[in-house]
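Colleague: Spelled out from the first residue to the last, the chains are:
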Amino acid sequence: MAARRRAASGAFEVRNQALFAGACARELDGAAREASRDSLSGMDYAAGGKSSMLTRSMNCFPRLPRRRCVGSLVACLGMMMVVAHPRAAAAATAKIVLASLPRLDASGKEIAKRGVNQEPEGISLQDCLDDQRIAVPMQLAGYEPQSGVEIWASSRSEGRNCTNVQDRTGATKVCWRVDEGIALEPNPRPLLRVRKILAGLRTNSGGSSTAAGTPQSPDDSVNICGGVDLSLFRLNVLYFAPGSTQDPAALAQVDLTADTVGPAAPSGLSVLPGNQRIRIAFANVGDGGLSQFLSVKAYCAPAERGAKASEAQGASSSQCADAGDDAGDTGVDCTDASATGSTSSTADAGVATAAQCTSSAFFDATGKPVTPNAEFNQRYECGSTAGSTVLAESLRGSPLANLTEYAVAVAAVDRFGNVGALSPVYCETPEPTEDFWQAYRAAGGQAGGGVCSAHGAGMPVGSLSGLGIVAVAAMGAAQRRWRRRANSLQSASSCSAEKGSRQ
Amino acid sequence: MIARCRGSVVTAAACLVVGLANLPSTAHAFEFGTPAQKATRSSAQHFAFELRASPYRPRVDDEPGLRGTPFADMFGTNPRLLIGFEFDWQTVRIPAIGTLGPGVSVGYATFSRDSKTVKTQRPSGDTTSLSVYPLSAMAVLRADALWRNLGVPLVPYGKAGVAYALWEASNTGGVSRAGDAASGGSVVGSGGSWGTNLAVGVSFVLNALDRSSARSIDNAAGINASHIFVEYYTLRTEGFGQAHPLRLSDNSWAAGLAFEF
Chain A
1 MAARRRAASG
11 AFEVRNQALF
21 AGACARELDG
31 AAREASRDSL
41 SGMDYAAGGK
51 SSMLTRSMNC
61 FPRLPRRRCV
71 GSLVACLGMM
81 MVVAHPRAAA
91 AATAKIVLAS
101 LPRLDASGKE
111 IAKRGVNQEP
121 EGISLQDCLD
131 DQRIAVPMQL
141 AGYEPQSGVE
151 IWASSRSEGR
161 NCTNVQDRTG
171 ATKVCWRVDE
181 GIALEPNPRP
191 LLRVRKILAG
201 LRTNSGGSST
211 AAGTPQSPDD
221 SVNICGGVDL
231 SLFRLNVLYF
241 APGSTQDPAA
251 LAQVDLTADT
261 VGPAAPSGLS
271 VLPGNQRIRI
281 AFANVGDGGL
291 SQFLSVKAYC
301 APAERGAKAS
311 EAQGASSSQC
321 ADAGDDAGDT
331 GVDCTDASAT
341 GSTSSTADAG
351 VATAAQCTSS
361 AFFDATGKPV
371 TPNAEFNQRY
381 ECGSTAGSTV
391 LAESLRGSPL
401 ANLTEYAVAV
411 AAVDRFGNVG
421 ALSPVYCETP
431 EPTEDFWQAY
441 RAAGGQAGGG
451 VCSAHGAGMP
461 VGSLSGLGIV
471 AVAAMGAAQR
481 RWRRRANSLQ
491 SASSCSAEKG
501 SRQ
Chain B
1001 MIARCRGSVV
1011 TAAACLVVGL
1021 ANLPSTAHAF
1031 EFGTPAQKAT
1041 RSSAQHFAFE
1051 LRASPYRPRV
1061 DDEPGLRGTP
1071 FADMFGTNPR
1081 LLIGFEFDWQ
1091 TVRIPAIGTL
1101 GPGVSVGYAT
1111 FSRDSKTVKT
1121 QRPSGDTTSL
1131 SVYPLSAMAV
1141 LRADALWRNL
1151 GVPLVPYGKA
1161 GVAYALWEAS
1171 NTGGVSRAGD
1181 AASGGSVVGS
1191 GGSWGTNLAV
1201 GVSFVLNALD
1211 RSSARSIDNA
1221 AGINASHIFV
1231 EYYTLRTEGF
1241 GQAHPLRLSD
1251 NSWAAGLAFE
1261 F
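Chains as they are written, first to last, in the numbering used here: chain A, 1 to 503; chain B, 1001 to 1261.
So here's chain A without its partners, still in its complex pose (with noise of 0.2 Å):
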């Protein structure tokens, strides 16, 4: 669970790494102590490189004349400084530019992300099932004609960026290629196709049955949305040298979230009908855990009872004894228990009631039930909650009719967007409920109207408000005029005390 937590909250990072720098500054060093200690043994060494160089130029002394020497030395300090210089250290670098990566269709068009608090940088089950692309904005610099960029991905749990030719082709590789080729100029924008950073990390048998969805084996298909879990990826961008497809001489890093599992389907549910609305409370979200549950989403369908609602569920549901047919049996659903005086609809999946009705578009041809997706919620979300009651109050736009008898059932979000499985089914039948409003009135009260319609004819608001002004204002001027008088009275007798003294 930590992991999980971390994982989401760890929105985003770049690194920027130099290998050929600090590949050089070995070379420098290693050559720095070999020519230190041929000079001290005075052995004759013979090699190629800029190592050899340098220590020829160090073991010149005891045999060159001095002339050649000194030459021979400023020749290699030379070398050396064009060893180190950093831009030249440095020849090759890639770095990843932006913040926020860009998000795009399956056509290349740019698209908005999520809400700031539904991970808009991370990958959910309905951006995998779009098939979206993520564009990487980058920057190079030093690259050298014939050489090359790749993007590979790995889990960020294993903790290997890639770069060891093993980690990318060797029997137990980690490593899965993500790009389809970047062209070599100062600033390519690769686009990556979300299933294939996907593809390497199958962590739940969701989606799909095939043992694909390994850094051996990817599974860049439609398969692998819905298999990956809460999981954390790496985008490692590996600079390849001219001639080099081992090692790679610049790494820039970037890290994803993905979760394209919903939360589990919320539990303990209880339904009760409403004036064109129905109130669905529920005890429990399930095992998704709190930390990624983000609301909860009502779906509503006309109910089908009798063969319909036995096709729908497959042979596991009972059929409705109450076929609703009655004139007038409006009030009653396939779970109700009005006749028996029970006060909701409570049954869970699995538990054997008289009857259950459905609605067949919560499930598929198979019998299983849907996981809600983006046209789904479309067609059949009827309401949603962050708490643990939600009221199923419209319908594509429209408030739920009353007395018409509809399946219900509730699904979890998560962080996401991923919205988790669909709830065990109920019926419930929406009808007019006892107002006071409408009994009072009913009863023959004339009251209401809106508070503005107390500003009728023979209301005193107008001489009320008048009666408050000059109260306050009267009150305030005879404040004024009475410290005046305590004022002007206290002077007149501290003169008069003064003049007495005087006398």
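Don't read these hints as lab results, they were simulated from the structure.
Any given hint could be a false lead.
[Said to hold, decoys possible] What the simulated footprint calls covered on chain B by chain A, stretch by stretch (three residues with Cβ under 8 Å from a Cβ of chain A suffice, anywhere in the stretch; the number is not a length):
#1 1063-1076
#2 1175-1186
[As the list claims (entries may be wrong)] Label pairs and their in silico Cβ distance ranges:
#3 B:ALA1255 - A:ALA442: 56 to 62 Å
#4 B:TYR1108 - A:ALA365: 43 to 49 Å
#5 A:VAL222 - B:GLY1184: 41 to 47 Å
#6 B:ASP1114 - A:PRO120: 36 to 42 Å
#7 B:SER1186 - A:ASN117: 17 to 23 Å
#8 A:ASN117 - B:ARG1113: 45 to 51 Å
#9 B:GLN1121 - A:SER270: 48 to 54 Å
#10 B:TYR1108 - A:ALA401: 32 to 38 Å
#11 A:PRO399 - B:VAL1104: 38 to 44 Å
#12 A:VAL222 - B:SER1112: 47 to 53 Å
#13 B:SER1186 - A:VAL222: 48 to 54 Å
#14 B:ASP1114 - A:ILE111: 56 to 62 Å
#15 B:SER1183 - A:ASP131: 37 to 43 Å
Note that the structure is a prediction, hence the values are computed from the model and not measured.
No residue lacks a Cβ here, since even glycine has one placed at the ideal position from N, Cα and C.
Assemble chain B onto chain A, guided by the hints.
Modeller: Same frame as chain A, now just chain B:
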């Protein structure tokens, strides 16, 4: 002037206030506010603040022409809690009597219950409620001479003024609406009812229990006196000239805490 003031109660009240402001020079017998007193080391006193609670059950069903008792049928006959606060400006100190000044009060009470379905009388997920917000503007006379002059820690007081009770009937879906046969439309369940508010009560001055602490509070916060009080009030919101008010009147008692500062 008196003849002109006979027009209405409202005008008479206005004249009374204006007349008070034009008192002859003998008015120096009155003091505006209560100045600081060196002898008792107490700070000046100009205001009072009350927190109050009372049982409340409006007489909605007393409306003339109403058939049956829709309010009692829906919410029962037990009173609910009315809570509120009051702020007084103790404008005038009348020697040997006490303070007189205007005050305003705001209260809140709600009546609510779970609804049943109309047809099948099943429990439903809806609620129905009536919320009442009584507002008052009144003159307040506090006879604190007993306490100030004789040391008896009891302060009788009286209040009289106008009241305006805002109210709203609502259900789970928001403000209730009901069909209106006359207009063919619907009538929204909210409004306001005018009326009067009268109250008499007595407060016990808590300063008498611990005078040194009371003095410390006065020095630190400027609170001259703390009281607990009990009062009987009659709230009559039957229109005050209004055509169709919701009857939110009640006679009840209230208790609470008061602070003078």
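Colleague: Checking each numbered hint in turn, tell me which of them this model violates, lowest number first.
Modeller: 3, 4, 5, 7, 8, 9, 14, 15
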